[in-house]
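So the chains spell out like this:
2 protein chains.
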Amino acid sequence: MRIGILGSGGVGRTLASSFALLGHEVMLGARTPDNVNAAEWQVETSGLIGSFAETAEFGEVVFNALKGDVALGALVYLKSALVDKVLVDLANPLDFSNGFPPSFTVSNTDSLGEQIQRELPDTYVVKALNTLNTPVAVAPGSLVEATDLFICGNSASAKETVVALLVELGWTPERIRDLGDITSARGTEAYLAIWVRLMPLLGTAKFNVRLVTE
Amino acid sequence: MRIGILGSGGVGRTLASSFALLGHEVMLGARTPDNVNAAEWQVETSGLIGSFAETAEFGEVVFNALKGDVALGALVYLKSALVDKVLVDLANPLDFSNGFPPSFTVSNTDSLGEQIQRELPDTYVVKALNTLNTPVAVAPGSLVEATDLFICGNSASAKETVVALLVELGWTPERIRDLGDITSARGTEAYLAIWVRLMPLLGTAKFNVRLVTE
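Residue numbers (the numbering used here), protein chains in the order written: chain A, 1 to 214; chain B, 1001 to 1214.
Hint data in this document are derived by calculation from the structure and do not stem from the laboratory. A portion of the hints provided could be inaccurate.
Stated by the list, open to error - Coverage of chain B stretches by chain A, computed from C-beta distances (three or more under 8 Å per stretch; other residues unrestricted):
| # | region |
| --- | --- |
| 1 | 1155-1168 |
| 2 | 1174-1184 |
What the hints assert, rightly or not - Here are some chain B residues pointing at chain A (derived, C-beta under 8 Å):
| # | residue |
| --- | --- |
| 3 | S1107 |
| 4 | T1109 |
| 5 | I1194 |
| 6 | L1211 |
Every value quoted in this text rests on a predicted model; they were computed, and no experiment measured them. All residues carry an ideal CB built from backbone N, CA and C; glycine is no exception.
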């Protein structure tokens, strides 16, 4: 599958490398053509790099691996290239302007996932992989027990496409939890408020939660 | 220990019965003297019931088991009775006025736990037991694996007092996670945004999360 990754930071490069290793055709999209991160990634992996617009055009499935505070603005600009495509939104609307822990730029009765879906009504937005750090997201078996992943979105078939990619990454199908429509992004984004408190306590970003019932 | 439980709903009665069974002196506090829930509980358990004011006076440790939307107003009225005491805040600031799932009456850069601490500066507020339903809170061994509990508050000694009570309830000490000062209530309250999406998916309120690392 042709996969476009918007954002050449750590999240985007890690995802791009993982999907390339799995045999997908991957393009890593950077904001500017002289982006050093993207250029280094290209040298290391012999992968494709492109502009945001080229990457959005290239991908059959496109990942939003942009920072939460710039994602919406960039995606609106890519609207026509993303029509009828699956857009996997990994971003969290975190505001670090007052330091750590961050606050949210949108929360409670709205979410970044919903904002993106409203601005791109002809794109199938699936919120996923935003509740854990990317090295764990692409290697769930690196944790000592199977953990849970949360996805949501308005299109059942788009979620099926994303689940298939997540299973390729190593996720246990029964632990990929479909929380329903895109409004559940309010829940998975809000979870970051406890994640940012757990990370310093645990002394690592490499953790996740496992749901336990009776 | 003398334990006061403010609120005679399901949360309060379940907690009160559990602490009574553990040998503590417990008073269950109801808003009105003719409260049916409290009267039934008294008949079933031969326990003490009282007004909110009597319960706040009675307890060496007092639990706020009131609904989030009325808790702050009631506690402000009990301020003098709660001076120099540990107040365990279980409430979540959920707004069900638009149905389920609820939204929050306070979130993001503030929390109910912080509001209570600000209004009662001479009380030691410890946020705890707000991230799971009460039957699980008082019987953590009812789940098939050990899970994690989150507490926070400004007073280390108040948190020690609460941890000791939680261990009596059956919690694994290593899995009682001290997230720091009361501002971490922003995280544990926000977690409810995903909890309310998980509950219908799992088909039960009897679940919790287990943290997993490398």
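Now the hints, each set against the structure:
no., hint, verdict
1, 1155-1168, "violated (count 0)"
2, 1174-1184, "holds (count 5)"
3, S1107, "holds (5 Å)"
4, T1109, "holds (5 Å)"
5, I1194, "holds (4 Å)"
6, L1211, "holds (6 Å)"
The earlier numbered hint that this structure contradicts is number 1, and it is the only one.
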